[in-house]
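Number of protein chains: 2
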Amino acid sequence: MTSLDSANGPAATSGAAPAPAPTRERPDIGELVVGVLGGTGDQGRGLAYRLAKAGQQVVIGSRSAERAELAAAELGLGVRGADNARTARESDIVIIAVPWDGHGELLKNLATELAGKIVVDCVNPLGFDKQGAYALTPEEGSAAQQAAALLPDSRVTAAFHHLSAVLLQDPSIDSIDTDVLVLGDERAATDLVQALAERIPGMRGIYAGRLRNAHQVESLVANLISVNRRYKAHAGLRITDVRDA
Amino acid sequence: MTSLDSANGPAATSGAAPAPAPTRERPDIGELVVGVLGGTGDQGRGLAYRLAKAGQQVVIGSRSAERAELAAAELGLGVRGADNARTARESDIVIIAVPWDGHGELLKNLATELAGKIVVDCVNPLGFDKQGAYALTPEEGSAAQQAAALLPDSRVTAAFHHLSAVLLQDPSIDSIDTDVLVLGDERAATDLVQALAERIPGMRGIYAGRLRNAHQVESLVANLISVNRRYKAHAGLRITDVRDA
Numbered sequence: 107m108t109s110l111d112s113a114n115g116p117a118a119t120s121g122a123a124p125a126p127a128p129t130r131e132r133p134d135i136g137e138l139v140v141g142v143l144g145g146t147g148d149q150g151r152g153l154a155y156r157l158a159k160a161g162q163q164v165v166i167g168s169r170s171a172e173r174a175e176l177a178a179a180e181l182g183l184g185v186r187g188a189d190n191a192r193t194a195r196e197s198d199i200v201i202i203a204v205p206w207d208g209h210g211e212l213l214k215n216l217a218t219e220l221a222g223k224i225v226v227d228c229v230n231p232l233g234f235d236k237q238g239a240y241a242l243t244p245e246e247g248s249a250a251q252q253a254a255a256l257l258p259d260s261r262v263t264a265a266f267h268h269l270s271a272v273l274l275q276d277p278s279i280d281s282i283d284t285d286v287l288v289l290g291d292e293r294a295a296t297d298l299v300q301a302l303a304e305r306i307p308g309m310r311g312i313y314a315g316r317l318r319n320a321h322q323v324e325s326l327v328a329n330l331i332s333v334n335r336r337y338k339a340h341a342g343l344r345i346t347d348v349r350d351a
Numbered sequence: 107m108t109s110l111d112s113a114n115g116p117a118a119t120s121g122a123a124p125a126p127a128p129t130r131e132r133p134d135i136g137e138l139v140v141g142v143l144g145g146t147g148d149q150g151r152g153l154a155y156r157l158a159k160a161g162q163q164v165v166i167g168s169r170s171a172e173r174a175e176l177a178a179a180e181l182g183l184g185v186r187g188a189d190n191a192r193t194a195r196e197s198d199i200v201i202i203a204v205p206w207d208g209h210g211e212l213l214k215n216l217a218t219e220l221a222g223k224i225v226v227d228c229v230n231p232l233g234f235d236k237q238g239a240y241a242l243t244p245e246e247g248s249a250a251q252q253a254a255a256l257l258p259d260s261r262v263t264a265a266f267h268h269l270s271a272v273l274l275q276d277p278s279i280d281s282i283d284t285d286v287l288v289l290g291d292e293r294a295a296t297d298l299v300q301a302l303a304e305r306i307p308g309m310r311g312i313y314a315g316r317l318r319n320a321h322q323v324e325s326l327v328a329n330l331i332s333v334n335r336r337y338k339a340h341a342g343l344r345i346t347d348v349r350d351a
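First to last, the sequence lines map onto chains A and B.
Counting in the working numbering, the first sequence runs from 107 upward without gaps.
Counting in the working numbering, the second sequence runs from 107 upward without gaps.
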């Protein structure tokens, strides 16, 4: 046990009120194009759907341009599809939503296309056995740190780790009851990604530290999987006592 | 990104309602004695205060019986103080709230006294530098796994990692707005610890996986420290979409 309060401001009072709507000024991201690499997977497609529904320009990327175009057509909402390289080139913000297995190789091959872009890594390195999920530890410390190592000219952040693909893809659900933890070493980049998360109704983007602290955020999905099994839930996270998010 | 939903039941609808009061039957823990090793530190004292206030019999443990008795007298509420060994012997549930530095040695020396007891490890192995907090990785994987390795005859769980000592110790705050993630490999033990967490108004005890997934829960405190710095908060966690906790 460690004091969480060492670097705190004055004590805030606690309350049981639901998370308030964010009030802080956010950067204007309305005109930015968001690419989703791995956008034909459940999570990528779910995020693409939510962001497009919120009015964001979205491109879905896949190894196969054809599959990406097909998935985009199914989503509608002006979503386009392209191969991963073209998606990266044509986007301002690029969400990495591929399986951990192919993460390193994909990013290595796209370093040129991703130069200068804001990269949002949401990959969770996990293993599975009969007892469920468990954390894998990448050599670099985390998927996000691997991305930062492979993409020295990109602005790498980490976010969107804990979202339920079922909820994201369910058109009958308007608002998703979760906060999005956003990590990164550059304030302007994390501010943009927080603003992006808040395009989706119900979500707040909460700054939650530097990339060196991404591993536990990525791995926490193993715990949420246990929660989901035990409670038949689609668990998300709220951070309490944060008002000016 | 990984599907959280692989092992799920039917899709639940999402809502913005605050966490409901727990409804599930809990084991009766009213008569159990709770010891807090490291109970003279801020977190230990805060937990002792909250549990005693809720009517639990509490013993504070410290290396020095005198210091423990002094801290207990300050708390009132029937709290007793004793040295760590006696505290362990006289308790049914023993919360480990010592600094990570002394964790292994303390437990090694108390293995006999802790045999047969429910041990609740709430230690967060963290390092600190000018950029803030970062996760340390114990050889055993986590503090909780180290405890399990050193205490083969105890029933080791992990919980209470994310509580603000400031909020715990503030008598003007009646209810603390957070869930408590409870980990362990034995259902009966985690059930008891969930019930213990729920003695404190505002808290729910949520089962969140096996001990092998404790590291990320312990380390997440580094992220909450970043949250607290950025937002001048005493951040806690809520798990959304869990109703029958």
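Keep in mind that the hints were calculated from the coordinates and are not lab data.
Given the structure is predicted, the values throughout are model-derived calculations rather than measurements.
Any given hint could turn out to be false.
Same chains, same label: a pair holds when it works inside one copy or across any pair of copies.
[What the hints assert, rightly or not] Simulated pairs of lysine to aspartate or glutamate, DMTMM-like, Cα-Cα distance not exceeding 25 Å: (1) K236 / D280; (2) K223 / D189; (3) K236 / E304; (4) K159 / E180; (5) K338 / E175; (6) K159 / D291; (7) K223 / D235; (8) K236 / E219; (9) K338 / E245; (10) K338 / E219; (11) K236 / E292; (12) K236 / E246; (13) K214 / E245; (14) K214 / D280; (15) K159 / D235; (16) K338 / D198.
Here is how each hint holds up against the structure:
1. Taking the shortest alpha-carbon separations for K236 and D280, neither the intra-copy value of 35 Å nor the inter-copy value of 42 Å comes in at or below 25 Å.
2. Taking the shortest alpha-carbon separations for K223 and D189, only the intra-copy value of 17 Å comes in at or below 25 Å, while the best inter-copy value is 57 Å.
3. Taking CA atoms no more than 25 Å apart as the test, K236 paired with E304 passes in neither setting, with 36 Å inside one copy and 30 Å between copies.
4. For the homomeric pair K159 and E180, the shortest alpha-carbon distance inside one copy (13 Å) is at most 25 Å, but the shortest distance between copies (57 Å) is not.
5. Proximity of K338 to E175 under the C-alpha cut-off of 25 Å is found in neither arrangement, the shortest distances being 34 Å within a copy and 45 Å between copies.
6. When the C-alpha separation of K159 and D291 is checked against a cutoff of 25 Å, the pair qualifies neither within a copy, at 29 Å, nor between copies, at 42 Å.
7. Neither within a single protomer nor between protomers do K223 and D235 lie at most 25 Å apart by alpha-carbon distance, with minima of 36 Å and 29 Å respectively.
8. Taking the shortest alpha-carbon separations for K236 and E219, neither the intra-copy value of 39 Å nor the inter-copy value of 34 Å comes in at or below 25 Å.
9. Proximity of K338 to E245 under the C-alpha cut-off of 25 Å is found in neither arrangement, the shortest distances being 33 Å within a copy and 33 Å between copies.
10. Taking the closest pair of Cα atoms, K338 and E219 never come within 25 Å of each other, the shortest separation being 41 Å inside a single copy and 38 Å across copies.
11. Proximity of K236 to E292 under the C-alpha cut-off of 25 Å is restricted to the inter-copy arrangement: shortest distance 16 Å between copies versus 39 Å within a copy.
12. Taking the closest pair of Cα atoms, K236 and E246 come within 25 Å of each other only across two copies (21 Å); inside a single copy the shortest separation is 27 Å, beyond that limit.
13. Only within a single protomer do K214 and E245 lie at most 25 Å apart by alpha-carbon distance; the minimum there is 15 Å, versus 31 Å between protomers.
14. When the C-alpha separation of K214 and D280 is checked against a cutoff of 25 Å, the pair qualifies neither within a copy, at 37 Å, nor between copies, at 52 Å.
15. For the identical chains of this complex, K159 and D235 are neighbours neither inside a copy (36 Å) nor across copies (42 Å), given an alpha-carbon limit of 25 Å.
16. In this assembly of identical chains, the alpha carbons of K338 and D198 never lie at most 25 Å apart, being 37 Å within a copy and 31 Å across copies at closest.
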